[in-house]
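Protein chains in written order, with this note's numbering: chain F, 31 to 206; chain Z, 401 to 609.
Simulated from the structure, these hints should not be mistaken for laboratory data. On a predicted model such as this, the values are computed, not experimentally measured, just so you know. Using N, Cα and C, we set each Cβ at its ideal position, and we do this for glycine too. Treat the hints with care, as some may be off.
Simulated DEER-style distance windows between Cβ atoms [what the hints assert, rightly or not]:
(1) F:38 <-> Z:545: 21 to 27 Å
(2) Z:558 <-> F:88: 50 to 56 Å
(3) F:104 <-> Z:420: 40 to 46 Å
(4) Z:528 <-> F:65: 52 to 58 Å
(5) Z:558 <-> F:120: 32 to 38 Å
(6) Z:523 <-> F:133: 25 to 31 Å
(7) Z:527 <-> F:76: 30 to 36 Å
(8) F:76 <-> Z:494: 44 to 50 Å
(9) F:62 <-> Z:545: 25 to 31 Å
(10) Z:441 <-> F:120: 48 to 54 Å
(11) Z:520 <-> F:104: 55 to 61 Å
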Amino acid sequence: MNLAELLEQKIFLGQEFLTWLWFLLETDGGAEVKDLGWVELTLGERLVLGPAMGADGSRVTVSGAEGSLAEAREALRQGKLVEALRVGLEVHGEEYALNLEAAELTVKSLKLPTTAAPSEDPDGLEGLVLERVALLENTLKATDGLLSLFLAQRLHPEDGPELRKAMGEWAAQEGA
Amino acid sequence: MGLLKGRATITRYMVSGEPPPGFWDFIDRRVKAHAFQDIESSTEELSVGWCAINDYFDTGFAYMSYAMEPYVLLGLRVDQRRVPATLLKKYHRLEMDKAKSYLDEGRNLGRVRREELKDKARLELLARIPPETRLYEMVWDTARNELWLGAATRKVMDLFEEHFVASFGLELTPRLPFLVARDLVAGSQMAAPLEEARPWGPLAWEQGA
């Protein structure tokens with residue numbers, strides 16, 4: 031099997047990971063992430079659900095308002111999985127918000143804690159750039175760390191089925 | 401959208417391949433050799449090249465301004481002239497009307513001649529239309545061989561990947577979910593289960609199984 035075929039076969043991992051993020055933020059509110067400590071999670075104002083890999087069906091796009099969230103819960107109950115979401119992260123008291131998409135896990139529209147604007151003065155630039163790069167790194171550490179936590183449970187011979195059962199029960203709840 | 405200002409978009413790549421000894425000299429030579437070339441006074445439609453990450457007019461890279469060890473920070477400047485289809489249609493028509501006026505009455509222009517006139521109209525418009533400039537930011541962590549591009553559209557990614565490979569002769573692999581997962585579990589007991597993992601599928605939710 032070549033790499034392209036393998037990636038195509040494993041595309042479900044992105045969907046399952048984002049659905050797990052939603053589950054995690056509603057159940058535990060966050061997670062302990064390597065190198066960062068406790069990362070608090072909040073659901074942002076965008077949630078896109080689509081059919082699971084191999085299934086047919088349409089996409090459902092909702093905003094984070096209460097009414098729309100009920101629509102997202104209904105789509106979840108019908109077996110759809112998260113294809114994209116906006117999620118808030120709180121790391122060391124600083125707030126980040128980003129869009130994640132299941133197909134490529136590309137970080138989009140990332141709002142970082144405020145830093146000064148990049149300067150054209152070369153001496154000032156270096157510090158500002160490195161500060162911004164460190165914030166970008168924190169974001170990626172958080173998303174990688176959360177993915178590691180998901181994989182550790184998902185792929186574990188006993189924890190994996192337990193997690194699937196817990197998520198199944200969560201997904202079946204009426205408007206939780 | 402970018403990396404250093406405003407809301408950020410990040411496309412992640414792994415860089416692979418073996419740069420020659422004297423890494424920073426190699427980078428300096430290649431960055432300068434593939435720096436942005438101005439097309440302001442020409443009819444070229446597209447120019448792609450490196451510039452300073454914070455100033456697309458800076459293509460001199462004094463004191464290796466792009467190097468903040470272990471990072472290489474560069475801008476990819478893309479200048480493109482676009483001829484609007486409606487404008488081309490108008491000037492093509494004017495060219496054809498002019499050419500027809502030299503023909504005997506009742507005769508029409510042949511297909512080849514019409515195409516030639518379209519090219520002529522297009523070239524004349526290109527000379528009059530200034531190129532649009534866009535800057536895409538790149539942060540390359542040379543210690544971890546990871547690279548971030550401040551864009552996520554396929555067209556920009558293609559331009560960037562092509563220019564990066566042409567500049568440095570190194571390979572870029574997008575960090576897709578499975579490849580990220582594979583890196584994260586490499587060497588652990590999860591490596592084999594990852595390769596064998598199958599989708600949970602939608603029924604699992606309803607059955608809670």
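Consistency of the hints with the structure:
Taking 21 to 27 Å as the suggested C-beta distance range, the pair residue 38 of chain F and residue 545 of chain Z conforms, at roughly 25 Å. The hinted window of 50 to 56 Å between residue 558 of chain Z and residue 88 of chain F is violated, with their beta carbons roughly 30 Å apart. Taken as a hint, the range 40 to 46 Å is violated for the pair residue 104 of chain F and residue 420 of chain Z, whose Cβ atoms sit roughly 58 Å apart. Under the hint 52 to 58 Å, the C-beta atoms of residue 528 of chain Z and residue 65 of chain F, about 55 Å apart, fit the expected range.
In this structure the supplied range 32 to 38 Å holds for residue 558 of chain Z paired with residue 120 of chain F, their Cβ-Cβ distance being about 36 Å. The beta-carbon spacing between residue 523 of chain Z and residue 133 of chain F, approximately 41 Å, falls outside the hinted interval of 25 to 31 Å. About 45 Å separates the C-beta atoms of residue 527 of chain Z and residue 76 of chain F, a value inconsistent with the hinted range of 30 to 36 Å. Separation of residue 76 of chain F from residue 494 of chain Z is about 48 Å and conforms to the stated range, judged on CB atoms against 44 to 50 Å.
For residue 62 of chain F paired with residue 545 of chain Z, a C-beta distance near 28 Å keeps the hint of 25 to 31 Å intact. With their beta carbons about 52 Å apart, residue 441 of chain Z and residue 120 of chain F fall inside the hinted range of 48 to 54 Å. Checking the proposed 55 to 61 Å range against residue 520 of chain Z and residue 104 of chain F shows it holds: the Cβ atoms sit about 60 Å from each other.
The structure fails hints 2, 3, 6 and 7 (numbered hints given earlier, in ascending order).
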